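Participant: Sequence:
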Amino acid sequence: MLCERPAVKYAFIKQNKQDWPVAFQCRVLNVSRSGYYQWCQSDETQIIKRNQQLDDDILELFEQHKGRYGSPRITKALKDNKQCVNHKRVAKRMVALGLRAKQARKFKATTNSQHALPIAENLLQQDFSANKRNEKWVGDITYVWTTQGWLYLAIFIDVFSRQVISWSMSKRINKELVYAVCQDSCRINQPTLMI
1 MLCERPAVKY AFIKQNKQDW PVAFQCRVLN VSRSGYYQWC QSDETQIIKR
51 NQQLDDDILE LFEQHKGRYG SPRITKALKD NKQCVNHKRV AKRMVALGLR
101 AKQARKFKAT TNSQHALPIA ENLLQQDFSA NKRNEKWVGD ITYVWTTQGW
151 LYLAIFIDVF SRQVISWSMS KRINKELVYA VCQDSCRINQ PTLMI
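Throughout the sequence shown, residue numbering follows UniProt numbering, covering 1 to 195 in sequence.
Honestly, the hints are just simulated from the structure, not real lab data. In this text the structure is predicted, and so the values were computed from the model without any measurement. Some clues are possibly wrong.
With a cut-off of at most 20 Å between alpha-carbon atoms, the simulated SDA-like pairs for lysine to any residue come out as follows [unchecked claim]:
#1 LYS49 / ALA101
#2 LYS14 / GLU63
#3 LYS171 / ASN112
#4 LYS136 / GLN190
#5 LYS88 / VAL28
#6 LYS49 / LEU97
#7 LYS92 / ARG73
#8 LYS175 / THR192
#9 LYS102 / GLY67
#10 LYS92 / GLU63
#11 LYS82 / ALA96
#12 LYS14 / GLU4
#13 LYS17 / VAL28
#14 LYS49 / LYS66
#15 LYS14 / LEU29
#16 LYS79 / GLN103
#17 LYS132 / ASN112
#18 LYS76 / ASN51
#19 LYS175 / ILE141
#20 LYS66 / LYS102
#21 LYS79 / LYS92
#22 LYS175 / LYS88
#23 LYS79 / LEU61
#24 LYS17 / SER32
#25 LYS79 / ILE47
#26 LYS49 / GLU60
#27 LYS136 / ILE157
#28 LYS49 / GLY67
#29 LYS17 / LEU61
#30 LYS82 / ARG50
#31 LYS136 / GLN183
#32 LYS136 / THR146
#33 LYS79 / ARG89
What follows is a set of in silico ranges between Cβ atoms, one per label pair, in the way DEER data are often shown [stated by the list, open to error]:
#34 SER170 / LYS66: 32 to 38 Å
#35 ARG100 / ASP127: 41 to 47 Å
#36 GLN125 / LYS175: 36 to 42 Å
#37 SER161 / LYS88: 52 to 58 Å
#38 SER32 / ALA104: 51 to 57 Å
#39 PRO72 / PHE128: 45 to 51 Å
For glycine and all other residues, C-beta sits at the position ideal for the given N, C-alpha and C.
Sequences and hints are given; from them, build the entire structure.
Facilitator: In structure tokens form, the structure reads like this:
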């Protein structure tokens with residue numbers, strides 16, 4: 001603190017004036033009292049006040065839009081409210097406040113209902129109950145975004161125990177992905193009957 005510029009020392013004094021007398025703090029920090037009181041009336045204090053008001057407005061908009069607005073949209077909203085702000089200043093204040101907009105999730109369409117292929121019969125008929133292990137298995141394929149791109153995850157679950165039997169990942173959604181998880185599940189659990 002002793003090596004800081006006077007404006008930083010003045011801000012410290014103002015922040016701690018309830019705990020320590022101004023004259024004492026000025027003496028310890030080696031700044032003049034008159035300089036401190038002049039600073040209190042200066043433009044820098046006005047900038048701090050304007051930043052605090054802007055921070056409050058940014059926080060309000062950020063929360064109002066559930067964290068989805070980044071600096072460009074918040075800047076536009078502030079300008080719509082007749083505030084004269086620059087997008088760079090808003091971005092800087094958001095960084096200082098630790099605010100980051102939520103990123104839109106990537107979505108990949110994997111279902112193609114427009115095909116002439118046969119549709120498998122629903123053998124379970126939505127009956128997801130089982131009396132013993134390996135009586136019924138269910139499976140699904142989903143996708144996961146990674147830094148290397150999309151990966152497809154195929155998984156088999158035992159309906160009775162609700163535990164994952166086996167899973168497999170691939171860069172492509174194809175029959176080999178399903179075969180891999182099916183073979184692995186059969187190798188691990190060795191079911192007596194398969195349909």
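Participant: So, for every hint listed, does it hold in this structure?
Facilitator: A quick look at each hint next to the structure:
1. LYS49 / ALA101: Violated, at about 25 Å.
2. LYS14 / GLU63: The given pair, whose Cα atoms are some 30 Å apart, is violated under the 20 Å limit.
3. LYS171 / ASN112: holds (18 Å)
4. LYS136 / GLN190: Holds, because 13 Å separates the two Cα atoms, which is no more than 20 Å.
5. LYS88 / VAL28: violated (37 Å)
6. LYS49 / LEU97: Status holds; Cα separation ~15 Å.
7. LYS92 / ARG73: Within the cut-off at roughly 14 Å; holds.
8. LYS175 / THR192: violated (23 Å)
9. LYS102 / GLY67: holds (6 Å)
10. LYS92 / GLU63: Answer holds: LYS92 to GLU63 is near 18 Å, not above 20 Å.
11. LYS82 / ALA96: The given pair, whose Cα atoms are some 23 Å apart, is violated under the 20 Å limit.
12. LYS14 / GLU4: holds (15 Å)
13. LYS17 / VAL28: Roughly 13 Å separates the two Cα atoms, so the pair holds.
14. LYS49 / LYS66: Distance of about 26 Å is beyond 20 Å: violated.
15. LYS14 / LEU29: The given pair, whose Cα atoms are some 13 Å apart, holds under the 20 Å limit.
16. LYS79 / GLN103: Distance of about 23 Å is beyond 20 Å: violated.
17. LYS132 / ASN112: violated (35 Å)
18. LYS76 / ASN51: Holds: LYS76 and ASN51 sit about 17 Å apart, inside 20 Å.
19. LYS175 / ILE141: OK: LYS175 and ILE141 at ~11 Å, within 20 Å.
20. LYS66 / LYS102: Given pair LYS66, LYS102 holds - Cα atoms ~9 Å apart, limit 20 Å.
21. LYS79 / LYS92: holds (17 Å)
22. LYS175 / LYS88: Given pair LYS175, LYS88 is violated - Cα atoms ~51 Å apart, limit 20 Å.
23. LYS79 / LEU61: holds (12 Å)
24. LYS17 / SER32: Since the Cα atoms of LYS17 and SER32 sit roughly 15 Å apart, the hinted pair holds (cutoff 20 Å).
25. LYS79 / ILE47: holds (19 Å)
26. LYS49 / GLU60: holds (17 Å)
27. LYS136 / ILE157: holds (9 Å)
28. LYS49 / GLY67: Roughly 24 Å between the alpha carbons, so the hint for LYS49 and GLY67 is violated.
29. LYS17 / LEU61: Violated. LYS17 to LEU61 sits at ~33 Å, over the 20 Å cutoff.
30. LYS82 / ARG50: Within the cut-off at roughly 15 Å; holds.
31. LYS136 / GLN183: Roughly 16 Å separates the two Cα atoms, so the pair holds.
32. LYS136 / THR146: Distance of about 31 Å is beyond 20 Å: violated.
33. LYS79 / ARG89: Holds, at about 13 Å.
34. SER170 / LYS66: 32 to 38 Å: holds (35 Å)
35. ARG100 / ASP127: 41 to 47 Å: 45 Å Cβ-Cβ, so the 41 to 47 Å window holds.
36. GLN125 / LYS175: 36 to 42 Å: violated (25 Å)
37. SER161 / LYS88: 52 to 58 Å: Taking Cβ atoms as reference, SER161 and LYS88 lie about 56 Å apart, which means the hint holds.
38. SER32 / ALA104: 51 to 57 Å: Given about 54 Å between the Cβ atoms, the range holds.
39. PRO72 / PHE128: 45 to 51 Å: holds (47 Å)
Hints 1, 2, 5, 8, 11, 14, 16, 17, 22, 28, 29, 32 and 36 from the list above are not met by this structure, while the remaining hints are.
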